[in-house]
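All chains should be built: construct the whole structure from the sequences, respecting the hints.
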Amino acid sequence: MFARRDLFVGLLLALVACKENSPAPSASAAAPELKKDEAASLTGAGATFPYPLYSKWISEYNKLNPHVKINYQSIGSGGGIRQITANTVDFGATDAPMKEDETKLAPGKLFHIPATIGAVVVAYNVPEVTGTLKLTPEVLVGIYAGKIKTWDDPKIKADNADAKLPAKAISVVYRTDGSGTTAVFTDYLGKISAEWKEKVGVGKAVSWPTGLGAKGNEGVTGQVKTTPYTIGYIERAYASQNKLPMAELKNKSGKFVAPSIEAMSAAAEAVEMPEELFVSLSNAEGEAAYPITSYSYLLVYEDAKDPIKGEALAKYVWWGLHDGQKFSKDLDYAPIPAKVLAKVESRLKELRSGDKKLLTGA
Amino acid sequence: MSVSHDISPLIRPRSKILTRFGREVNWGDFIFRRLTALLAALLIAALVAITVAMVRGSAESLAKFGLGFVTAHVWDPVRDVYGALPFIYGTIASSLLALCFAVPISLGVAIFLSELAPAWLRDPVGFLVELLAAVPSVVYGLWGIFVLAPWLRDTVEPLLARTLGFLPLFQGQQRGFGMLAGGIILAIMVTPTISSVSREVLRAVPSSLREGALGLGATPWESVRIAVLPYARSGLIGATILGLGRALGETMAITMVIGNRSEISASLFAPSYTMASVIANEFSEATGSLYLSALAEIGLLLFVVTVLLNIVARLLVWRVGNQPLGGSL
Chain A
1 MFARRDLFVG LLLALVACKE NSPAPSASAA APELKKDEAA SLTGAGATFP YPLYSKWISE
61 YNKLNPHVKI NYQSIGSGGG IRQITANTVD FGATDAPMKE DETKLAPGKL FHIPATIGAV
121 VVAYNVPEVT GTLKLTPEVL VGIYAGKIKT WDDPKIKADN ADAKLPAKAI SVVYRTDGSG
181 TTAVFTDYLG KISAEWKEKV GVGKAVSWPT GLGAKGNEGV TGQVKTTPYT IGYIERAYAS
241 QNKLPMAELK NKSGKFVAPS IEAMSAAAEA VEMPEELFVS LSNAEGEAAY PITSYSYLLV
301 YEDAKDPIKG EALAKYVWWG LHDGQKFSKD LDYAPIPAKV LAKVESRLKE LRSGDKKLLT
361 GA
Chain B
1 MSVSHDISPL IRPRSKILTR FGREVNWGDF IFRRLTALLA ALLIAALVAI TVAMVRGSAE
61 SLAKFGLGFV TAHVWDPVRD VYGALPFIYG TIASSLLALC FAVPISLGVA IFLSELAPAW
121 LRDPVGFLVE LLAAVPSVVY GLWGIFVLAP WLRDTVEPLL ARTLGFLPLF QGQQRGFGML
181 AGGIILAIMV TPTISSVSRE VLRAVPSSLR EGALGLGATP WESVRIAVLP YARSGLIGAT
241 ILGLGRALGE TMAITMVIGN RSEISASLFA PSYTMASVIA NEFSEATGSL YLSALAEIGL
301 LLFVVTVLLN IVARLLVWRV GNQPLGGSL
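So the protein lines, in turn, are chains A and B.
Just so you know, we're using our numbering here: the first sequence kicks off at 1 and counts up by one.
Just so you know, we're using our numbering here: the second sequence kicks off at 1 and counts up by one.
I should point out that these hints are in silico values taken from the structure, not numbers from a laboratory.
Heads up, the beta-carbon is just placed ideally off N, CA and C, and yes, glycines get one too.
Treat the hints with care, as some may be off.
To be verified - Derived pair list, reagent style EDC-like, types lysine to aspartate or glutamate, alpha-carbon separation capped at 16 Å:
id: 1; chain 1: A; residue 1: Lys99; chain 2: B; residue 2: Asp80
id: 2; chain 1: A; residue 1: Lys255; chain 2: A; residue 2: Glu138
id: 3; chain 1: A; residue 1: Lys199; chain 2: B; residue 2: Asp76
id: 4; chain 1: A; residue 1: Lys197; chain 2: B; residue 2: Asp76
id: 5; chain 1: B; residue 1: Lys64; chain 2: B; residue 2: Asp76
id: 6; chain 1: A; residue 1: Lys168; chain 2: B; residue 2: Asp154
To be verified - One-sided and incomplete, this derived list gives chain A residues near chain B with beta-carbon spacing under 10 Å:
id: 7; residue: Met98
id: 8; residue: Val173
id: 9; residue: Asp177
id: 10; residue: Gly178
id: 11; residue: Ser280
Structure (structure tokens):
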């Protein structure tokens with residue numbers, strides 16, 4: 001009962017916090033050596049998934065550089081892409097990389113900058129089960145396709161010999177609002193099952209074969225927490241903060257892996273980052289890799305219209321990818337691996353306004 | 001030439017303008033009338049502008065799916081196939097279900113407060129009922145997730161299934177989240193609207209009617225039934241329409257409890273989906289142009305459904321209003 005009330009209050013606070021989009025104006029009042037031409041106000045919009053990290057970056061960066069004001073609106077990846085394409089914000093943010101037809105709509109060349117790494121976890125509520133459930137890809141797809149209907153299904157039992165699995169119907173919960181979380185999760189299901197890819201598909205919103213839809217990570221968390229025999233997929237932070245059990249998933253190397261920060265990093269280490277700087281991390285190789293891991297990206301124009309804003313943005317992003325990474329772990333994200341960071345650095349150095357490179361001094 | 005001839009050119013143009021537009025005799029009335037007319041026209045212009053914007057926004061979807069959009073079941077953003085029937089059904093069914101709960105309760109509250117309650121109780125209770133309208137819908141939604149849905153799942157739905165399970169209304173998996181939860185949440189949200197308007201309507205019933213009925217030996221219940229309610233009929237229906245309007249457009253609370261599944265099921269236990277919910281859920285992440293267009297068309301349909309239901313309700317008020325006053329014993 002207490003847990004339930006705590007969760008209620010926690011979610012309420014989380015909702016209120018989400019509404020509060022302006023960065024903390026902590027040290028902005030004191031701007032000692034403000035050079036007029038360096039003062040800049042930047043706006044960004046997009047993914048909700050990295051919002052806690054970005055908002056931490058913004059408040060920390062503002063303490064160091066009081067003359068740079070940054071406002072990030074966590075309106076969703078789709079909204080971020082639409083706004084950066086329409087040039088109404090200075091940077092966008094998205095969990096899923098832009099599709100080709102979306103890039104065509106942009107007036108200039110957009111860089112994808114991988115900024116952090118997150119994981120989607122499979123949380124469950126089975127009162128009888130005290131240990132951690134182990135799920136194979138086949139079982140996970142089976143549950144979400146509506147083919148595995150009860151918790152005592154032999155396929156689940158096969159890998160969970162010790163667990164007391166009840167003969168109760170599995171109630172499946174999915175995200176009903178379009179979300180990067182769903183895109184990452186269905187990307188994984190599509191990789192491990194050709195049938196899923198063909199019949200349901202991969203995307204921010206799909207037509208789910210079974211289950212109930214809940215709104216937002218907080219909605220899925222709430223349903224899993226309050227409804228026995230439920231399974232749902234959510235961002236790692238929501239599961240860990242609400243102390244929901246997270247399933248261990250069998251990765252490509254056949255090992256069951258819990259969604260730890262190390263396992264997320266292992267997935268990122270295992271996947272070669274291509275030239276365009278976006279890549280799917282789901283079902284990554286490597287014994288320690290957690291299979292539902294994903295980069296989250298910032299979207300920045302290569303050629304900034306306004307050199308002052310462009311320079312301020314380039315410096316902020318540079319800072320976030322270096323000093324900002326240390327805030328990742330506490331907020332349930334994994335830092336960008338060093339070899340990927342090297343590639344991102346050279347990409348950031350290409351940022352320019354007209355002929356002027358923006359990061360000459362960096 | 002007289003003096004009056006000298007000043008007439010100063011007056012005449014003014015009075016000509018005035019008489020052309022009507023019977024105004026001075027500028028104050030003229031400006032006041034035009035200004036208020038302009039404000040009224042602004043509202044209509046906004047309505048037209050919204051309609052035009054939504055029709056233009058949904059042009060691609062209208063061209064691609066035509067009327068089939070309204071009758072199709074499938075909503076699949078991955079394949080760019082869109083059909084709105086489950087959403088239309090969910091919106092109308094949940095709102096009507098809400099009225100089934102809310103109208104009797106609201107009428108009871110209104111009758112109690114305006115006819116039966118002791119005077120010192122009327123204002124505090126009335127205030128509390130109206131306070132329900134001030135609760136943000138997200139709070140109702142969270143209450144729905146953490147209190148209502150578990151209660152329905154563990155207590156109400158098993159009971160209904162045991163006793164009335166032979167009806168298709170009460171069959172299927174009992175999950176708490178679904179049409180029943182949506183209807184109840186909406187009912188709680190529209191009750192303050194319906195009951196406070198009803199209360200005002202009942203208050204406006206002339207006391208002479210009540211006194212007459214009581215004087216003829218009617219009990220309080222009979223006086224309400226034969227004198228008060230018939231007089232207030234059209235106003236009470238108006239109050240219900242207001243409640244219906246709120247129920248149709250409600251988004252946040254219902255999306256948190258209705259289960260958000262685009263299916264049509266006879267069972268009240270089954271999940272459903274409303275038009276307002278699907279727009280709120282999917283618009284922010286929708287990127288394809290046909291996808292956005294289909295969502296805009298859902299908005300247009302919601303608009304059309306609301307207008308149609310309002311017209312039906314107006315006709316009802318008009319019919320009822322034309323009937324002779326007074327009930328029969």
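Taking the hints in turn, this is what the structure says about them:
no.: 1; hint: A/Lys99 x B/Asp80; verdict: 15 Å, holds
no.: 2; hint: A/Lys255 x A/Glu138; verdict: 14 Å, holds
no.: 3; hint: A/Lys199 x B/Asp76; verdict: 11 Å, holds
no.: 4; hint: A/Lys197 x B/Asp76; verdict: 13 Å, holds
no.: 5; hint: B/Lys64 x B/Asp76; verdict: 15 Å, holds
no.: 6; hint: A/Lys168 x B/Asp154; verdict: 14 Å, holds
no.: 7; hint: Met98; verdict: 9 Å, holds
no.: 8; hint: Val173; verdict: 9 Å, holds
no.: 9; hint: Asp177; verdict: 4 Å, holds
no.: 10; hint: Gly178; verdict: 3 Å, holds
no.: 11; hint: Ser280; verdict: 16 Å, violated
Hint compliance for this structure: hint 11 is the single one not met.
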